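Each chain sits in its own coordinate frame; assemble them with the hints.
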Amino acid sequence: VTELSTPRLAPIRLRQGGQSLRERAMDRESPLRRLDWVLVASVASLCVLGCALVYAATKPILLNSGLSPTSYLKKDVLNLVIGVGLAVLASLVDYRTLRAYTPVLYVASILGLLAVLVPHVGVTVNGAHSWINLGGGFEIQPAEFAKIAVILGMAMLLSERREGLTAPTSRDAVLSLAICLPPVLLILAQPDVGSIMVFAFLVFGVLSLSGVSLRWVGGMLAVAVVGVVVIAHLHLLKQYQIDRLTSFTRPGAASQSSGYNANEARIAIGHGGLFGQGLFHGSQVNGGFVPFDYTDFVFSVAGEELGLAGGALLVLLAGIVLWRGLRIARRAEDAFGMLVAVGVVCWFGFQIFENIGMNLGIMPITGLPLPFVSYGGSSMFASMVAVGLLLNVHMRSSR
Amino acid sequence: LTNGSRPRLVVLSVLVISLVGTLLGRLWYLQVPHAAPYRVAASENQVRDIVTQAPRGEVVDDMGRPLINNKTALVVTVNRITLDNLSDQGKAVLHRLAKVLHTSAKTLRSQITLCGPGVHDPNCYGGSPYQPIPVAQLKPTLAATRQALQILEMKENFPGVTARLTAVRNYPKPDHALASSILGFASPISPKQLKRLSQQQQQIEASADTGKAGLEASYERYLHGTPGVKQVAVNSSNAVTRVIKNTRPKTGDTVVTNLDAKAQASLEQDLHSAVLAARGNGHTADFAAGVVLNVRTGGVVAMANYPNYEPDLFSKTLTKKHYKSLAHAEGYPLLDKTYQNAQAPGSTFKLISSLGLIHDGTGSIDQAYDCPSTFQNRHNFDGENGKGYISFQKALIISCDTFFFKLGFQDWQRDNSLINQHKKPVQGVQAMARDLGMGGNPGIDLPGAATGHIADRKNTRLDWEQIKANYCKGAKNPSFSSQHRLDDANYCKYGYIFEPGDQENEDLGQGTVTVSPLQLAVAYSALANGGKVFEPRVAKAIVSPRGRLIKRIKAPIRDHIPVPQSVLDYIRTAMYGVVNDTDGTANGLYKSANFPLNKVLVGGKTGTAELPNSSQDGSWFASFAGPVGGKPQYVTVIEVNKGDQGAITAAPTSIKVWDALYGLQGDKAIFPNGQPPTKLPKLGIAAVKATSTKRHHHAKSNRGSSPTPSSPSSPSTGAAGLPPGLVVRPGTALLRGLS
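Protein chains in written order, with the numbering used here: chain A, 1 to 399; chain B, 1001 to 1739.
Chain B with its partners taken away, still in its complex shape (with noise of 0.2 Å):
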């Protein structure tokens, strides 16, 4: 060997064995102590999750009668990947879509745009990259399925592109109810509350539609049902290599509610009447609310508003503009009035002083009280003579004005010695209506349920110290009449006292009192029912999609009238008085509408409140009802805002509500002999193998004749192989060599 390869030998060998040394110093380095973000990225790559909606749960009457179904609707759906991965990413796909669907390709490119960062489409679709997007909800027409056909038929046409039948909201309408702000509406999930959720949830609720509003909100967890969740394993061009798991949606639960669709859809159409009459006689009627109560159970059997809308307004496309012009329009179309607004109740509210001033000793049931035709310049409605000296009784059934002014000059007497004392003021007529649920959250199973207001010395002080600072500045506004700033400077001044006038108005529910139709229903049960007030309950049982009974739900028990059940037997006496004797402020009307007070015993209080900044009246009628000597099972609540007297405008409306429940006039009772059904609805399975033994004879059951993807063996929506586009796609493009 040539003397110069020698050592030139041995740096090329320390050369190779240092080549070595890196590859393998470099192999351990990424293997071993940097191996965890490349054992995450790998993860990632693999596995996606294919979310498969849960159809809703179905919202049904106390019958079984649905209010709230699923209709299986042809939605057409884009898959984004496929179409990403075309060579010109869809846009001749999308053309030729557009023209079946008689849209342009533009909207559907921003119907299928992911929202992000720096996305400020307002159609972006919020769901995951994975999902096939809807981006078409087709009729059952028989153009619509051609459209569908079309698709459907011309695959290689239409890659990514499927029309599936989908499970979306239906609202049947069962005798015309509506309930409309009752059952609410459900819309996708907004990025607030998707943010709520774990990162997995997140991925798997990201395409689901959650309950925005009534029933669809407060029983959410039960009606949302489970999303099926395909587990893929994916390839790097997004092809499907094998289901690792695979979990079937599974449908919401049923609501099974206490309304009545027959009584909800009377009620709904006694309000409209009532308005249209008051109308007729020169009033403004904007609105009208209407509340009736199982006393026994605390079961919501009805409520109704007027006026309202369409169930299905929310899962329409509903436009900003015409949102803010419902919003605003008069009477308030978009807001329960039964129990998310809370007005003066007038006289009604006088079951509460009653009870109060008893309570709290400032009255006597055994004693007799004066009812003069003034007291202190305020003088009895409608100008009555006095009456001399009178009973608690006789106060309600005639309703007395004065005879509760003066008792509540000497309630708020006795508080100001035990002021002065420096002793807590008794406050029993605010106490009393603490107890009845008043001025607090009446605890339905609804959101957003109004609190009213009741105001006693505490909160008058406390809403003056938040509000004096404008009445101040408005004492000095140049531009105010003088008798505005002389107003505004009191205020600013004395505002915080509680004077004498604040009770007295309050005994008669006026002023600063506001309580909603439902609070005022609630009290007037648990007078009728011996004491319970009730937290009323829209929602009696929660069923599984096959009929299994899951929970049934009761109206909870918040606390018992603080009075001896004689005086609560009295005043129900006082009350039978209104409506059955000749002097009672009821009595005229019920006598001349013939109504058969010797089948059904009636009680109630009318009550006439003036409303501020009006010079028109809320006609308030508050009842209750029972067969005759029986105990009573249903109170009414009505309320015709601007809408004359109560015993002019709404008690008329009690009458009604009675003869749909009793069935007094010739038609057939809603509840025979006033009983509700006890027993749950069949169904599910049940209502299935019942209405199948009953008549099958008949092609076609009554509830079989919508269509009800939510049917309880195949929930399934989607179809059963994989989602269009995430197909197996052969590989031979990666078997090429790199040079």
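Excised from the complex, chain A in its bound form (with noise of 0.2 Å):
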């Protein structure tokens, strides 16, 4: 600890010879100083509501079957300490050392969005093809994993410039895109919409923040115009899957099972009011009527047991969380960084709101979890490991 300037760039030392770990950790230069803590305080209380959240949707239901009340609440906070872990793992590579491998991982997550569509590997829930049945019990979801080696491979592209460019060519984004699609066309083969949607919204964010031409923005939104009118000509959609995304727009429709969750969800938030019937006494949630509400509808649950209050307490801390995913990105070292954090913002933006509008019925029913709150592991593992991204571009910026 002799250097008193300020390194322009933060080297990644795990082993720094002679040091006691207090001492590294106590390092001005070490990670740990330079952590952005409003960011992990609030990821951190989303946690904890998430548990209790979860707790309390599968309380009642695992009572009434004669289960240990708390199973669910267990496997949670299994996933989470899991989850931290990976967060960890994934903040203290320096992402410059992670771009280097980006392609090791790419590979990985195809291999494993493969892996679904093996017969007996692959599970079927609710009508969507995701899950690696892992035995006893475990399941995970590779589209989930997929969306960070998308941001990876995508920002390692678009960040590399050639000389004397300040933007990425429209071979850069051409090629960025390339990489895109076989992830995309294996989720859409599950097929999971919702996916597919925070893919859509990623990747444009992702492309549109890398300062390509705005000929490619204006492009790529005219694409997803023509896609969706096409999509609706030809009938690629499953019925199943049509009723879901339109059903937000038929409240009265409670009778078909999709608009029955919407509808019994609304209830449940609109019976909370202010304050909400407290924790563990909101009856739509403890008389089952919600379906779902531990997973894609927990919001429900705060909004029936924790009112107003809670539910925008929850919507706060998701927009800290995009705030100062934002303020990383704006502070990021280089374009690498920066655009890791752009696409786990626009990742976290789109889902977050994609799944509390749902819950709240102004958006179409996908069967997308709320980051850091639903009960899931992939959903929670993945969501940590880009939580752990963003600490890292973080660590390693000089403002």
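Please keep in mind that the hints were generated in silico from the structure rather than gathered at the bench.
Pulled from the structure, derived: some chain A residues nowhere near chain B, Cβ distances all over 10 Å:
(1) LEU35
(2) TRP37
(3) LEU92
(4) VAL93
(5) THR97
(6) GLY112
(7) VAL184
Restraint ranges, calculated between C-beta atoms of paired labels, are given here:
(8) A:VAL229 - B:LYS1099: 57 to 65 Å
(9) B:GLN1199 - A:LEU279: 29 to 37 Å
(10) A:ASN133 - B:LYS1099: 39 to 47 Å
(11) A:VAL229 - B:ILE1244: 47 to 55 Å
(12) A:VAL118 - B:SER1043: 47 to 55 Å
(13) A:LEU316 - B:ALA1092: 53 to 61 Å
(14) A:VAL229 - B:GLY1025: 23 to 31 Å
From a predicted model like this one, the values you see are computed outputs, not experimental measurements.
Beta carbons: idealized from backbone N, C-alpha and C, even for Gly.
Next up, the structure:
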């Protein structure tokens, strides 16, 4: 600890000889000192809130079935612990080192998506063939990890500048879109409409923010509009997908199963009022009226039991995460870090808005969990890795 | 950072802020200004009422013998929710059940179809869909118990189906007494009745029985009981998550009546014999009615009809055809002829005429009036010779018609001259009839009592105004005979006039005068008891199922006969003369029957009423009796329609009634010394205690022999736990991820 000047680049020094762990941790250049504590605190709050809500949602059903009321809570906490571990890992390895391993991660995620299609390995839940059965009650969703692979891949391609150029060329743009194609096609085969929508938003965001020509931005928007029209005209979506996507425009159609979900979730949220019915006291939740209220409709539990106060807190915490993500992007040391941060913000931003929006009845129903809050290992792990990446970029930025 | 990225980051930031803002706004919108409908929806989602109907209260006679109680029957119920949740909507279950119950699956399906708009099934169920729906009632036989066991033992084959013990109405018919039309019946509440209740009550009462006729209807609020309501929280698949509130059903209260089963049974039997005897003499005798009142209390001791019907007629499934054939059968078995039907009472009405004529001053008990053989071309009954000038007493004893004709004419003349002087006519006989409860509701505690008709100047004109149009048309109808046309033309023109003949007929209980046997009995009771005109009561008290007195019911006194006691004594003496004097119209009969008039003093009046459109007469006898040297205790009115003269058909039946009540011909008296029980019978816990201390050697007591689920200690009819079908099911199916 002799250098007084702040180095422009914070080199990764995992092993500094002769220093104790405490000394290393307290080092001025220690990554811990450069941690975004606001981001950490808000993510931690979301996770704690999530555990409480998952417990509130699963306890009555488990009790009714004569099972241990904490069995889901325990799994949720276990997921969280694993997730924190992944986040630490993702933040400690310098993102510029990670960049070198991006092709490996990318190939691994493609293999995961392919594995889903293998009989007896892939598992179908609610019409989507998206899970890999790991045995022992554990299943993972490779699409979640594919998001990280795509963000890193695109950021890598779009941040490599030719000499004298400040923005990616069209060749870079085409290349970066090309690497998105295999995972997107594989997810379409499952089919997982929610994830596709996240990908669309994420790809658009990363490409736009890379500084690519505005023609690309306009072009992509046009393609999106044409795509929607084509999908609608060629009946490429299955009826249940259309029902889910459109039922939010018909709140009265509660008899259909997807409309029923949305309707009961809205009843739960409306029932909450200003301060809610109290944790564990929501009758909609306890009566099991909102299906999937521990995963995709976890926000309805917050709405009913914690009311406007709790619901708004949840939205604000999610907003803080996005704000810190944008702040990290702005302060990033290089284009790669900025684009990784932007990718994570676009992903989280869309997924949070879509998930809470469908609970509130302003967005179509897709099977997207609420990051950090919903029960589910894959989502938790992927989100935690993404937070780790944000912290990684932050710790290695000079501002 | 690349130059192009910075403004684009700002755009992204704005986008993120607006998305967060949108979510917050929508959240506020749902939870604050628009929360109300969601709150309602949430509360409706969770709470369900499961209703257990209370057994209805019993109806017992004056000695506590049950006329209506409950029996337990194995009632097979089907839970719709459970069936609906099965993959085939319970098709297989209904098929299996149909086999066991020896019916068709189609019938069962229609029985569990909920009534509602668009449902035309007559078997549809009008109750709450959360109630187990009864589909069959099994008799307590070995075969039926086997049927039930098949269901109960193989629950997995019959999800949602249960056989459970339920209280259903039972009619023990003590001493073979029917009293059907007095008891009435209860049946499932009609949609109309249901509509009048509050929303919450509708839920509770939807599967309840309510009294529709007789005592079941008039004491509905006591007999009904309080249904048990179990309020449960249910989840989205209708599985009960917890019991919020549980009130147990409370059995209805017991109605203790003044009826005496033995007196009732013997009166029913006597009327039947009277009809058979009259028919043996060549009379039609299509129906008969009899009333026995306690003159001191106004209580109905017995009230019988012939023809009658079994009291459980309406608790069985009654086809429309069967009902119609009964309703129109000879003698109208479904109509109670004692209080729901009024006929001309003949000379029994002379009691009222005498009182009226004396009261309004047309006649006096101190004077004699002419009893010629004819008056104004009207001759005396049976063409008797004139008896010269006689007193009211004599006129009643020998039943001189011309005596009343003449006085009736004087009465009419006096009223007519009053009218000519623009004064109100007195119409004393009509006023007296009304004071005695005729021409209006007699006020008995049974629904649908006939009012009868007492003609006077006013209602004659009102009637004419209402119906004259028909007669005026008839006068011009070429298909009518010339006589018919002439009659119609006369009524069309002059029908409003209350003619002297109308008054004269009225005083004889003929013409437009009609009264029910009950009304006549009330009038004779008033004479016998010194002037008190009762509104008669069948019920005597309301007692809780445990035997605690809730309310005593006393027959209200609506009026007093507005004549001095001396006049009442005078008329009463005349009535005694009818039976006791050698020239009395009923004396010969009582003598030939060897009636011990030295023990029981009987007074009364015969009546032979000419019937419209018939050559046969209505046979009436109204009488009262009490021990010699004491005051009268009972009134009996007997009517045998188309049954010869009063003295020939009706009066002998009165002898049988007195025989039964007083035990005059070797039989045990129903009421020793003629005293009816004044104390209430011991019921409920009190009765159980009394019988167990009295005869603890005997394992079975009389009352215990009939199964009564309404036994005071445990009125519960349902299983103690949850209703079938509404059971907690594992909710694991809900614990799956949505993709």
